[in-house]
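As you go down the protein sequences, you meet chains W and F in turn.
So that you can map any letter, position 24 of the first sequence is 24 in the working numbering, and since no number is skipped, the others follow by simple counting.
Residues are numbered in the working numbering as their position in the second sequence, beginning at 1, plus a constant of 172.
Check the hints yourself; a few may be wrong.
Unchecked claim - If you want the footprint, here are the derived chain F segments under chain W, 3+ residues with CB under 8 Å:
1) 180–194
2) 252–266
3) 281–295
Hint data in this document are derived by calculation from the structure and do not stem from the laboratory.
Ideal placement from N, C-alpha and C gives every residue a C-beta, glycine not left out.
Each chain is listed here by its residues.
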Amino acid sequence: MIGDAGVLAALLGVVVLGFAAARVPWRLAVRQVGIALPFLLLIVLVQGLVEGWGSALVVGLRILTLLALAGLVTLTTRAEALIDVVERALTPLKPLGVRPERIGMVVLMTIRFVPVLREHADAVRDAQRARGVERSFVFLTPLLVKTLRTADGLAQALDARGVDPGRAARQR
Amino acid sequence: MRTRDLAYVAVFAAIMVVLGLFPPIAVGPIPITAQSMGVMLAGSIIGARRGALAMLVVALMAAIGLPVLSGGRGGIGVVLGPTGGYIAGWIVGAFVVGLITERVWTRYNIGWAILANVVGGILVVYAFGIAWYAILSGQSVVLAAAQNAVFLPGDAIKVLIASAVAVAVRRAYPVIEAAPQRA
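In isolation and in its complexed conformation, chain W is listed as follows (with noise of 0.2 Å):
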């Protein structure tokens, strides 16, 4: 880790000439290092008070650095390219059973759960209320077990239809 402070302010100029070459604009640039800042302005002050300010300075500057640099990476790619980093960077554990392509898309099935959980969730609470409950830690259950079926449900209609999830993501 670096512990000199000239060469991680020089590091953080070099990331905030990047976000100028990316033409982000400053308001979203600062927004993505904004989101973190109290947790950042807190950790600062501990440090400060515990170890002193200079170490604290070294410690601000270290987080800042990479904050700025992953808000840029964050920023300038698109999220399927950053899937495709994802599943090559994964291919090297292969041999130790990894599907990098599968994994991408689990990602995609993921985000199609959300809403689905939703729906769910008003379904059991509609059904509780007809029963005269209301607010019940119970809910979670039935929604657990009423979810698990639809996951079952489409696995089931997915090998039915021959679609391999690995090959289907990688035709995309």
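Take the given structure of chain W and dock chain F to it, following the hints.
This is chain F only, laid out in the frame that chain W set:
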């Protein structure tokens, strides 16, 4: 892994996303979220491998910038940032919860459920979270652990809810038993 296993993985990854929609309560630098309950549920209901995979999918989605973490956060910055250790802890935590659950599956009850969720969902997740936070902030482990203590009451409640639900779901729709050990 069969198609069905992948579908289960997607379900619990989606549950993590939905739990992340509940607004986090910010106490100090690490938000209290409903998502740690998703870690426990995943391990308890779909077991070690699929549970860990569900958490991995969430971590990947967060890393590529999708807003899947509590409060609509996402991006490599969050995954590698001060709270990133907790996200790594979710993967290992769900695996440990699942491992314990699978070992005691035939005599699974609320007691075993609580044990599994405390060990995997609290101890393992905290260990990763605290270690990474300490490394990144340069603070001592003790100091980082002390800041972590605010989570204990909330997590205790989450353990109780997740355990009760896991026992009920096992009775209604047992997944771990029905699943093949290897695909």
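Exercise. Do three or more residues from the stretch 180–194 of chain F put their C-beta atoms closer than 8 Å to C-beta atoms of chain W?
Worked result: With 9 residues closer than 8 Å to chain W, the stretch 180–194 of chain F meets the three-residue bar; holds.
For this session: Count residues of the stretch 252–266 of chain F with a Cβ under 8 Å from any Cβ of chain W, then say if the count reaches three.
Result: Satisfied; 4 residues make the cut.
Exercise. Are at least 3 residues of the stretch 281–295 of chain F within less than 8 Å of chain W when you compare beta carbons?
Worked result: violated (count 0)
Hint compliance for this structure: hint 3 is the single one not met.
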